[in-house]
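A.B. asks: The lines below spell out each chain.
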Amino acid sequence: MTNSQNSFTPNPYLEKIAEHLAEEHAAYTAREAMPSAGRFKEAQTELLTTVKDVGRHGDLSTIMSVEKAILKNELRLYGNSEGMKSSLGAALQDLNQTEKHHIIVQDKKRYATVDELFQRPKNRRGGLPYDEARQFFNAHKTRLLNQDRSRLSETEKKTINARRSNIRVAEQAYIALQQKALGIETKKDQSRNRGMSR
Amino acid sequence: MIEYTEEELARFAPNNEILGKLQDARAAGDTEAESQFFCQLVLPAVSLLMMKENLGPEYIKARGLNTSEAERVFGMDWLERDNDELAKLLHS
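If you read the sequences in order, they're chains A and B.
So for the first sequence, our numbering puts the first residue at 1; every next one is plus one.
So for the second sequence, our numbering puts the first residue at 1001; every next one is plus one.
Quick caveat, the hints were computed from the structure, so don't treat them as lab data.
Among the hints, erroneous ones may be present.
To be verified - To be clear about the criterion: a stretch of chain A counts as covered by chain B if any three or more of its residues have a C-beta under 8 angstroms from a C-beta of chain B, and this derived list gives those stretches: (1) 21-34; (2) 150-158.
What the hints assert, rightly or not - Partial pick of chain A residues on the chain B-facing surface, computed with a CB cut under 7 angstroms: (3) P10; (4) L14; (5) A18.
Note that the Cβ used here is the ideal one computed from N, Cα and C, for glycine as well.
Could you put the whole structure together from the sequences, leaning on the hints where they help?
C.D. replies: What follows is the structure, encoded as structure tokens:
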């Protein structure tokens, strides 16, 4: 080996890592170049379209059922670490709890009890109980936002974003139900009532 | 994540066969052949930039890698140019 070659002999570990990183990405491009990769993308795009439709047209129950289906599927397909399993497990548990709240919030008498129990300022948001359903909506939005930082395709990230926006829609629907249960007039109600009395 | 166009992916298509040979050579313990097949890979520009950044431009030249993608994406003079400047071209 000549001196000039010696001058750029790299750290052997760094050399191996660099080559393996390059090999991994070359393998990714090879896989992406196959027709089945196109089918995979198409399937992901269709999923994205429907998740968006759920947010546009779906009611609270539908949004929750859809999110539950996605989470359960994710847990079974990709729950390959304790951290991921416990995070998805917690999300599912909170979601089940939210579904119970959805039933109770539609019953004025039963929701009055919840209202009574959530009186401390830290347990209220905008004058309404910050109950487990409301807590779930917030925690789940954060959970989905954190997933945005992981190694996913553009379409997959858009799907996560659409799920996040669906949770926001569900949250607003739930808040409206809370207001109705507690007999709180919204601005919309007030203007409607004024219009009627004229 | 970099998303490649169909046209770009067509350029990477040979990698499937080359990787098959490379990984067979590795399994057989033939490091010489493994190294040669690595040089045949159509390495994406992002990977070539990573190698240049970590191992230096002289290494890239001496190793005899297939640098066609870096030349296409960055230009023929990519080995002389600043790495951070080149990185900006990846997402444009």
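A.B. asks: Taking the earlier hints as the rules, which of them does this structure contradict?
C.D. replies: none
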